[in-house]
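Participant: Starting from the known structure of chain G, arrange chain P on it as the hints suggest.
These protein sequence lines map, in sequence, to chains G and P.
Residue numbers for the first sequence follow the working numbering, so the first one is 6 and each next one is one higher.
Residue numbers for the second sequence follow the working numbering, so the first one is 4 and each next one is one higher.
Certain hints may be false.
Using 30 Å as the maximum straight-line C-alpha spacing, the simulated BS3-like pairs for lysine-lysine come out as follows [said to hold, decoys possible]:
hint: 1; chain 1: G; residue 1: K557; chain 2: G; residue 2: K674
hint: 2; chain 1: G; residue 1: K570; chain 2: G; residue 2: K476
hint: 3; chain 1: G; residue 1: K326; chain 2: G; residue 2: K286
hint: 4; chain 1: G; residue 1: K462; chain 2: G; residue 2: K476
hint: 5; chain 1: G; residue 1: K570; chain 2: G; residue 2: K602
hint: 6; chain 1: G; residue 1: K47; chain 2: P; residue 2: K124
hint: 7; chain 1: G; residue 1: K244; chain 2: G; residue 2: K286
hint: 8; chain 1: P; residue 1: K354; chain 2: G; residue 2: K77
hint: 9; chain 1: G; residue 1: K48; chain 2: P; residue 2: K354
hint: 10; chain 1: G; residue 1: K570; chain 2: G; residue 2: K704
hint: 11; chain 1: G; residue 1: K47; chain 2: G; residue 2: K77
hint: 12; chain 1: G; residue 1: K555; chain 2: G; residue 2: K682
hint: 13; chain 1: G; residue 1: K67; chain 2: P; residue 2: K124
hint: 14; chain 1: P; residue 1: K124; chain 2: G; residue 2: K602
hint: 15; chain 1: G; residue 1: K286; chain 2: G; residue 2: K258
Derived by calculation from the structure, the hints in this document are not laboratory data.
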Amino acid sequence: MNRTTILLVLFIAGERAGAGEGNPALPFVRKYCVSCHDSTKKKGEVDLSRFATEESLVGSRKLWLAAIRHVKNGEMPPRSVPQPTPDEREEFADRIRGVFRKADVGKPIDPGRIPIRRLNRTEYNNTIRDLCLIEFEPAENFPPDDPSHGFDNIAEALTLSPLLMERYLDAAEAIVARTIVTDKPVSPTVRFGFDQFINKGTNRPYRVFLFTSEPLVTEYRLAADGDYVLRVEGRPTTKEIPPIKMALLIDGKEVERLRFAIPAKGNTTKLEVPLVLTKGKRRVSLAMLNPARDTETKKSSLPHRVDGQNKENYAGLELYKFDLVGPTTHPAEGQRRILACDPKAKSDEQAKEILARFVSRAFRRPASTVETARYVKLYQRSRQAGQAFEQAIGTALQAILVSPNFLFRFELDNRTSPAGPQPISEHHLASRLSYFLWSSMPDDELLDQAAKGTLAKNLDAQVARMLADAKSDAFVENFATQWLAITGMDRVNRGEQFDILMRQAMTRESILFFDAVLRENRPITDFLDGQYTFVNERLARHYGLGNFAKDKPSDVVIPAYAYVKLSLPPDGPRGGILTHASVLTMTSSPDRTSPVKRGMWILDNILASPPPPPPPNVPPLEEAGGKIKDGLPLRTRLELHRSKTECAACHAKIDPLGFALEKFDMLGKFRDKDGRKAIDDQIELPDGRKFQGGAGLRKVLVEKKDAFARCLTEKMLIYALGRGLDENDVPTTDAIVLTLAKDGYRFQTLIREVIRSAPFRYQRGAGKEKK
Amino acid sequence: MNTIHNRPLSRRTALRGLGATIALPWLEAMAPRSLASGSTVRHPVRMAFLYVPNGVQMSQWTPRAEGERFELPPTLAPLANLRHDINVLSGLAALQGRPFSDGGNHAPAMGAFLTGVHPQKILRCGISADQLAASRIGHLTRLPSLEMSCNRSGRPTCDGYPCVVSSTMSWRSPTQPIPAEGSPRAIFDRLFASQANDRERNATRRSILDTVRDEASALHNQVSTEDRHRVDEYLTSIRDIEQRIARVEALPAPRLPAGAARPEERIPASLADYARLLGDLMALAFQTDVTRICSFVIDSEGSNRSYPEIGINSAHHDLSHHNNRDDMVRSILRIEHHHVTQLAYILQRLKDIREGEGTLLDNCMIAYGCALGDGNRHDHFDLPIILAGKGGGSIRTGRHIRYPQNTPLTNLWLAMLDRAGAATPRLGDSTGLLNGLS
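This is chain G alone, in the form it adopts within the complex (with noise of 0.2 Å):
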C-alpha cells in the first residue's frame, strides 16, 4: 500500500471550509426547534437558536451529535408538535455532519475502539478445525449467541454465562479426547471431497439427491492401503415415505447396508463404515434399495398430493456427505504438529517446548513466559498426581481450550500508548484479518508475517490470498445470511410447501448470488439488478423458470443436484436480491405477505436509511379513519393507516416500496392476483416519481446506489469491527463510498477499503477517551 492511500484512509479528507458560513440546519431548527430551544424558553438548558455559523456548530460538536441522534431516532421533537419528514430528518443530520466533515478535514479519523470478542460458536468450531486439525463441531451444544446490530459476532453482545462457561470445558475435554489419542490409531491422513463423486454440478455441489435405485458412483485413487472410514451423513427428503434402505458397494460388491430415517436428534443422520482397502482405483457406489420412483418409468409409487408440489417427486435421499476417510494411521497430523519435540530431550523439556508452542497457537500471538509457564506448572502438577505423559499434555491442552485469552480476543496494546489513533500489533491485525474473512484463526502464513512485521506492508496481497482460500466461505455465508436477514429460516412456518428443500434452495440461491458476485468481483450493483441467478430444479419449478417457463420453456434442463447460473429476462420481475426466494419470503408473515416488512428490509438492508420507530401506544385504526371492515385489500387498509398523521409520513416512505413486490406473494413466487383480486403494482413515490413493480423498483435502487453503497459498507463494518458505528465512523464510511464509486462499485475493493480503514487497522490511543 502506498502512502497516498495511508493518508487518505487515516484523515478527513475533502475540501477545508470557508470562514464565516452560515448554520445550514438553521431553516430546520427554525421550523421545529426554537418552540422549546430558544434563548427564553431554553428547555432542558438547551438553546438551538444561538448558533449561526458553521464554526458556532463546530464549537458545540457534542451537543449537535446528540440533536442528530435525537432528530433521527425520532426522539425529537416530541410527538406533541408537528413532525418532520423522514427525509427532512436526514437532510437535517447530513447538513450538520456535512459541517464537521468541512472543519475536520486533515484532522486523523477517530478509530474508536473495539471491546473483548468472545469467540462466537462459528469462530469457535472453526478454531479449533485450524488449531487442532479436527474435523468435529464442539459447539453445536453451546447456547446460541444472540446477535445484536444484525450480527452474531458483536463484542458487546457476546457475553459469558456460566452455563456457556461449563460447555467450553465439556468441549474442551472433548477436543482434547479427539486431537490426543494414545490407545487407538483412528484418524485421517487423506480425506476424499463430496466433490469427487460428483462431477455433472458446476457449482461445488454441498449435497445430492438420489430418487431413484440408480446408483452413484464415485471413483477414489487410494495411494495406500488400509483402514478408511466412510463418513455418510444424509436424510430422507420427506417423512412420507418409509426409511431408506442403501446398499454400499465397493467395486460392485455389496458390503453394508445403510439406513436412514427422519432422525430423532438433529437434521440427519450420520453414519460411519469401516472400510479396509487396497491402493488403487476403488469404486464406491451407494444404490437406494427402495426408491419411492421406478427408475425406467420416474413415477412415484406415493399417492399424488394434491395440495403440494408434485411432492412425491422429491421423495428421496438427500446425501450432505460421503467423505472417504483413511488410511487411518497413528498418530494423525494434528497430534503429531501438537506433540512434535525433541526426542532426546527430558520429558519436562518436551512438555514447555510443546506447550509454548501450542499457547502461543490458541492465543493467536506470541505467548509470554510467564503465560506458558501457567500450563507448564499445570502439567507438571498432573504429573506428580499420577498422570501419564500425554494425559498432563492433555490437562493443560483443556486448560489453555478454556483459557481467556483464547476464548477471547483481546487487543491490549493501546496500554502505554500516547493520545491519538494507533496502530494495533501485527498479530492483532491477523486476527481481525482471519476472523473477518475466514470467521476463524489466522494461519501459518498470517502468523508468521505478523512475527516479521510484514503483514501491514502486504495486506492487499493477503486479502487476495485469503479471499481465494476456500475458508472464505465462512464469510459468504455467515455475512450474507445475516445481511440479508434470512438466517433462521428452518424455524419459521409458512406452511407445507416450505419443506427442508425448498428452504435449503432458497438460501442456497442467495448465498451462490453473493459468492458470484465477490468471486468474480462484480460490481454491488448486481445486488440490486443482476440479471441472473442459481437455481435447482426445486427453485426452478418455483420460479417457473429454464424448462419449467410457462410461456417460452427454455431446453435447459436443471438437475436436482446442483445448481446451475440461469440469466434472467431483463424485462422480467425478477433481478437483483431483492426478488430472491429467501428475501421475499423472510419479508412476509406466515399466512400473507407483507409490504411494511419488505419496505422496512429495504430501508433497513439496502438504502441504510431506517425510518425512526413507530411512537408507542399507536391508536387502533378505527380511530384514524371509521371502523375497517375485514374485507378491504391490504392496500387499502393501510392506506388508510397512512392517512393518520403521526404514522403517515414514515408509512409514505415504508410502503410504496413493499407494494412494488406485492407481485411476489409469500413464498416469492410470482403471481399476478391476491386471491381473486388483481394486483396493482403502479407506485408512487413520496416525491411523485412513479413505477411499476420488481422491475421499476430495481431503476429506481440503482439510481440510489450510493446510499446502498453506504448501506452495505456500514453493515461490512460492523461485521468486520463487531461493534456498531458511530458519528466518529462517518468520514471512514464517506471514504470507502467514495473509492467505491471511482473503481466501479467494484465488491472486493469493498472488502479491501474496509481492511484498509482506519477503525480497521488502527485504535484509539489510551491517551484519548472519547464521551
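Facilitator: Using the frame of chain G, we list chain P on its own:
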C-alpha cells in the same frame, strides 16, 4: 427456612475439608423419621417465572368479581380444576418496560419484566428477581437456578436492542444477561447427568480452573475499565463452576423418580409439546430439589410464532395488532387460551406430585404472565399475572386480587423472594412488598 439444625450428623462429615461452607438441601428421604411423619416439616419453597409474549386480551382474562367468588373468564377456563390453587392478580404494571426515548415496545418490556429496570441498548439492565433469589438461596441446591426457553432458535424481535434482551428474563448483573437453554436434553443433562460425581475428573477440573483463574486475574489488571466487566463475568463463571463441583461432591445424588427419562434431543414441533416437556423438566428439578428457582420463557417477547397445532397460521405478534378486527381477535384469543392450557398442564403436574402432607404445588410459587397488558396498544400496565401455588403455606389461593393501578410488578417479586427465604429490600422500581397474598 432453616433446615440445617435438623440434619443428621453424618452428612456434615462429608463436608469437612471442602474449604467451602455449604448448606444442605432438604430431601425428604434424608430427614429423621420422626420429623418426616410430623407436621412440623417445612419443605423448601420453589419459585418459577413463566413468560408469554405480546400481551393478552384483558377483557377475556380479567375476572369481573374480586375475592374468592370470582368467575373464570374464557381465556382462563383451562384452569377450572386449579382455581383453588391460583390467584389472579390485576392492576400490576411494569412501567420501566415502556419505550421511553429509545423506542421499541417488546424488547424493553421483556427486559424490565423481572428487573424493574429499563434496559439500555448498550446491554445494560438490572439484576432480575430469579437471579437475586439464586444469589441468596442458590447455594442450597446443586444448581442455583434454571433458565429455560421454548424459543432459542428463531431470531427474536429485537427492537434495535441486543437480541438477548428479548430472549431471556434473567440478568445476573446489570451487564450480564443469562441466556436461556432451549434443548430439552441439555437441560436434563445439566440437572442430572452432568452432576455425576467423578472425583478424578473433578480434581482435574479444579486444577484447570485454578490455572485459568490465574490468567484471568492477571488480565483483569490489564484491561480498560470498559472491558473489565467481561473479565469479571469470566471470573464469576469459574467460581460458579467450582462451587457447583463442591456441591455435587457434598450433596447426595438426586434420585430420579420412576419413569423419568432423558428426553430426546429433538425439539418438539408444536409449542404445546415443547412447553409441556420443559414444564415436566421443571417439575422434575423441583421434585428432586436440584434447584428451587426457574425462569421459563414460553415464548420470546414480540414473537411471531404461528400455531398450526391449533389451526392458526397467522403470526402471534401480527395478530396482537388486530385493531379489533373480529377474525384476528378470535385467533389471538385461541392462542392465549392455548398458552393457559399449557400452564394448566404444568400446574397439574406439580399438583400430582405428593410432598409431605400436601402437593409439590403447595410448596411452589409459579408466576405466569406478560410484561404487556393490551398488546394491541402496547400497554405496560394492567398486566395479566397469575400466581399459582401456596408458597409453602404462606399464600392464600383461590382469589382474584385487584391492586391499585400501576402497582409495580416488582413488588410481587419482592413478596415471592421474601417467602422463599431470599428477602431483599428493593428490586428495580419496587416500592415495597406486595400485600394481600397471605
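Participant: For every hint, state whether the structure bears it out.
Facilitator: Against the structure, the hints:
no.	hint	result
1	G:K557 <-> G:K674	holds, 18 Å
2	G:K570 <-> G:K476	holds, 23 Å
3	G:K326 <-> G:K286	holds, 20 Å
4	G:K462 <-> G:K476	holds, 23 Å
5	G:K570 <-> G:K602	holds, 29 Å
6	G:K47 <-> P:K124	holds, 28 Å
7	G:K244 <-> G:K286	violated, 37 Å
8	P:K354 <-> G:K77	violated, 53 Å
9	G:K48 <-> P:K354	violated, 58 Å
10	G:K570 <-> G:K704	holds, 23 Å
11	G:K47 <-> G:K77	holds, 21 Å
12	G:K555 <-> G:K682	holds, 22 Å
13	G:K67 <-> P:K124	holds, 20 Å
14	P:K124 <-> G:K602	holds, 22 Å
15	G:K286 <-> G:K258	holds, 15 Å
Hint compliance for this structure: hints 7, 8 and 9 are broken, all remaining hints hold.
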